[in-house]
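So the chains spell out like this:
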Amino acid sequence: MKSTSEYRNRLIKLAILPFLIVNSAISQGQENDNNPVELTPCYMEGLSDRLMCGSIAQPLSDNPADGEIDIHFAVIPAIKPSNPEEAVLGFAGGPGQGAVDLAQVFNRNLRFARETLDIVLVDQRGTGYSKQLQCDSDDLKTQFAFNDAITDLQTMSKQDTEQCKAKLNVDLSHFTTSAAAKDFEAVRVALGYKGFHLYGVSYGTRIAQEYTRQFPASVITSTLDGVVPMQQSFAAIGEAIDASLQALFERCESDAACNEQFPRLEIRFNEFLARLEQQPIEAQVRHPRTHEMIPFTVTKMKFYSAIRLALYSHTTRSIVPLVITKAAQDDFSPLAGLMANADLTQSLAMGMHNAVVCSEDWPQLTPQLRTKYSSTYMGKTMIEGLDIVCPILEVKPADKAFYKPLKSDKPTLLLSGARDPATPPSWAELAMTNMADATHLVAPTATHGIGSQTCAPKIIAQFIEQKSMQDIDTYCIKDKNDKPFFMNINGVANTHLTPATNKE
Amino acid sequence: MINIIKVLFKKEVMDASRDKRSVMAGLYYAIGAPIGMCLLMSILLQQLASPEALKITIENASNAPGLVAHLASSDIKMADDKNDPLLKPITLSISDDYKQNLSEGRPATVTLIADKSDDKLGKHINRVEKAMAVYGSEIASLRLVSRGIDPNLMRALAIEVNDQATPDSKGGMILGFVVLTIILTLFYAAMSLAIDTSAGERERNSLSLLLSHPLSSLHIVLAKVGAIAAFSMLGLIVILVVSKVVYPMVAWEQLGFSITITPEFMLFCIAICLPIALMSSSLQVFVSFMAKSFKEAQSYVTMVLFIPMALSMITTYDIATDVMQWLPIAAQQFALMEFIKGNPIPVPQLLLSTLITLILCAVFSFLSARMLKSEKVVFGL
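So the sequence lines, in the order shown, correspond to chains R and G. 1259 is the number of the first residue of the first sequence in this note's numbering; add one for each residue after it. 6 is the number of the first residue of the second sequence in this note's numbering; add one for each residue after it.
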């Protein structure tokens, strides 16, 4: 096994998985004649269109001695600007994802809105190009071999966190949601827009709500996709994960072919978890990219986390029954494949992520809430992770006022997917308690972030254009968008054939 | 001398304005061309915009429920009814051994049956092909994942395209047409006027009267050219204003670009087009005098107009840009397109071609003036 120094942040990464935007993008608008910032053409991965990038210097804190931070942003120019004084402001998820790097995703989700409006993407302080607070992370080989069930995991995590803190060497209290909201407003002023249509996904909905609270005059409409209510700690996510997984089990059971191919899936899953809890399995797998034989310690946390991440997209959901069944039969290749595919932590600024959760989610955990959230495996794991990380990072807790549900009369569109493993529809209902003009749409089969699923992009564009949900036909949001299960290693199973031919 | 030309110019303008109908006839083009083009484009856009739902025939659909569901999620659905108006003559035939091949990891055959020469069908066929390709690569990726292999191995290259175009510059061909219609105004707006003031004046026998005055024939020609150019420029202003109003009404954004006529472009256009207007007038006057009668002049002028049109089209269709961009009209058209796209303007080409344009104007005017010294021309003998 490797020395402890190589295990930095493993626990944090596996356990505190964020509300991710699986597909997000950022774009930058057009050059503004009276605009004091210099915009230069730039390009982002997966998007051939030319964006305009720029940055502004913002005070790091109220104390001038703390210096400044460069806030970078990009504008995806409108195709035919019909109202150059307005733009769509996209907020990325995580917390810790950089919005600018996600330009492709924002461009796709907001493609109809972009026909007439610029899309502005700002890297929230601590993410992307705005002084990204990143801790070191392990390579895949180390992650595969690492046994997180060992007894001195706590000590190791503490060491990792301290190392990360020393490396970042900055007061993380300046990187919270409420501190960041001012940067977005400064970008708006610098670019000369009169107002923004907000579009936040996942954690992005929290910063969007905070921005609305601090700068209501700058907000024209607000679209919250995968809503995180202000009054709820994200540690409540455990229930959402379990519910989303449960929906998958039920769907497989009710599908004759899936039930035949993968019988007793839920029971198998739980049996396998119990087995891993007792004793992690030491196995060997091929490295997903180098094909070299590497050791693979299958632990409950790794297995659960991999399945959990797979729940975010319908494509990966479709192989979950196969992965579970194969793993229960000691074939860990599908699991390794899933884990290679879900290599998300690198794009996530863990320093900024921890600043947000330790300031806003951790202090909120009362003993009652701890008991409640700990009833789920992921909830418990996250709270344990936070209990290690947050006391070391010493981030200033958020104000009491921060946890009040947003009171707003802005036209607001809330979007939820009924199978969302992170922000279920009930969270949106919590968030909209004090919103005067809010509409909540639920896509029955969608997962997290429905802006990239179903017909939501069209609805979002119509909503932004007419600044109200009145008379918009939202029926298409009910369309089924899930995918048939992968019945064997090659796809569809032919149940009338002997499965012998499908052996790997 | 300037005074003489001024008086003559006034006379020509007054003459022309008297016939309000023919002045208006010239301007009909300036008003009608952008509107007509916008109407055409709107119809084209409706055709191009992929309809919400595409219905096709799927044979053996029960063999490939996954594929059928995927197509349905891209709004490509199986028609239940043969008479469905949305049903396109595209048939997807799923082979009998589809399931078996798929589950054994062999390529499963799906046959797309359609007539690719049917232009209206092309985009629908592409859509079906694209949707199937997405499905195919999704299944392939999951096959690799379930074998413990990162599907990104299939992407040896991550090809990133950095498109330097802006929404204003993506119009391409359509932008070329827009500028073409604007430049052609300079020729069409004053065409009838040019013929009337030369061949027409001769037929009304007022030309000989004019020449009987102690005036140089060059003065007469220059005044005529000036008056015709003035009406050309009037046509230009009209088409620019009409363009500015109507082009934004077309939903270009659905095609991924926009056409914006800015006030800066309008001023730039007026400045650049003035020499062309002078050249066009002198050319038309010259040709009209060459003809023996009014009718003949009409035919010749129409024929001669083909030359500037061809030059302009060459730029629009981007033929031989290296040589052509130095030629008059082609160069101006190119400069206008670059201006609208927000690119740097090719100054040397523009200066040279403007110079050539002015020289041509001088040459045609001089030749016309010389012709007027010949009785053969003056009396149309």
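Certain hints may be false.
To be verified - DSS-like cross-link-like pairs, simulated, lysine-lysine; straight-line CA separation at most 30 Å:
no., chain 1, residue 1, chain 2, residue 2
1, G, LYS300, R, LYS1738
2, G, LYS82, R, LYS1716
3, R, LYS1716, G, LYS300
4, R, LYS1558, R, LYS1630
5, R, LYS1558, R, LYS1416
6, R, LYS1725, R, LYS1440
7, R, LYS1736, G, LYS300
8, G, LYS249, R, LYS1736
9, G, LYS300, G, LYS381
10, R, LYS1725, G, LYS249
11, R, LYS1716, G, LYS381
12, G, LYS346, R, LYS1736
Just so you know, the hints here were simulated from the structure itself, not pulled from any lab data.
Taking the hints in turn, this is what the structure says about them:
1. LYS300/G <-> LYS1738/R: Not OK: LYS300/G and LYS1738/R at ~70 Å, beyond 30 Å, violated.
2. LYS82/G <-> LYS1716/R: holds, 20 Å
3. LYS1716/R <-> LYS300/G: violated, 58 Å
4. LYS1558/R <-> LYS1630/R: holds, 21 Å
5. LYS1558/R <-> LYS1416/R: holds, 21 Å
6. LYS1725/R <-> LYS1440/R: Holds. LYS1725/R to LYS1440/R sits at ~24 Å (cutoff 30 Å).
7. LYS1736/R <-> LYS300/G: Violated, at about 69 Å.
8. LYS249/G <-> LYS1736/R: violated, 42 Å
9. LYS300/G <-> LYS381/G: holds, 18 Å
10. LYS1725/R <-> LYS249/G: Roughly 28 Å separates the two Cα atoms, so the pair holds.
11. LYS1716/R <-> LYS381/G: Answer violated: LYS1716/R to LYS381/G is near 72 Å, above 30 Å.
12. LYS346/G <-> LYS1736/R: violated, 42 Å
Consistency with the previously given hints fails for numbers 1, 3, 7, 8, 11 and 12, ordered from lowest to highest.
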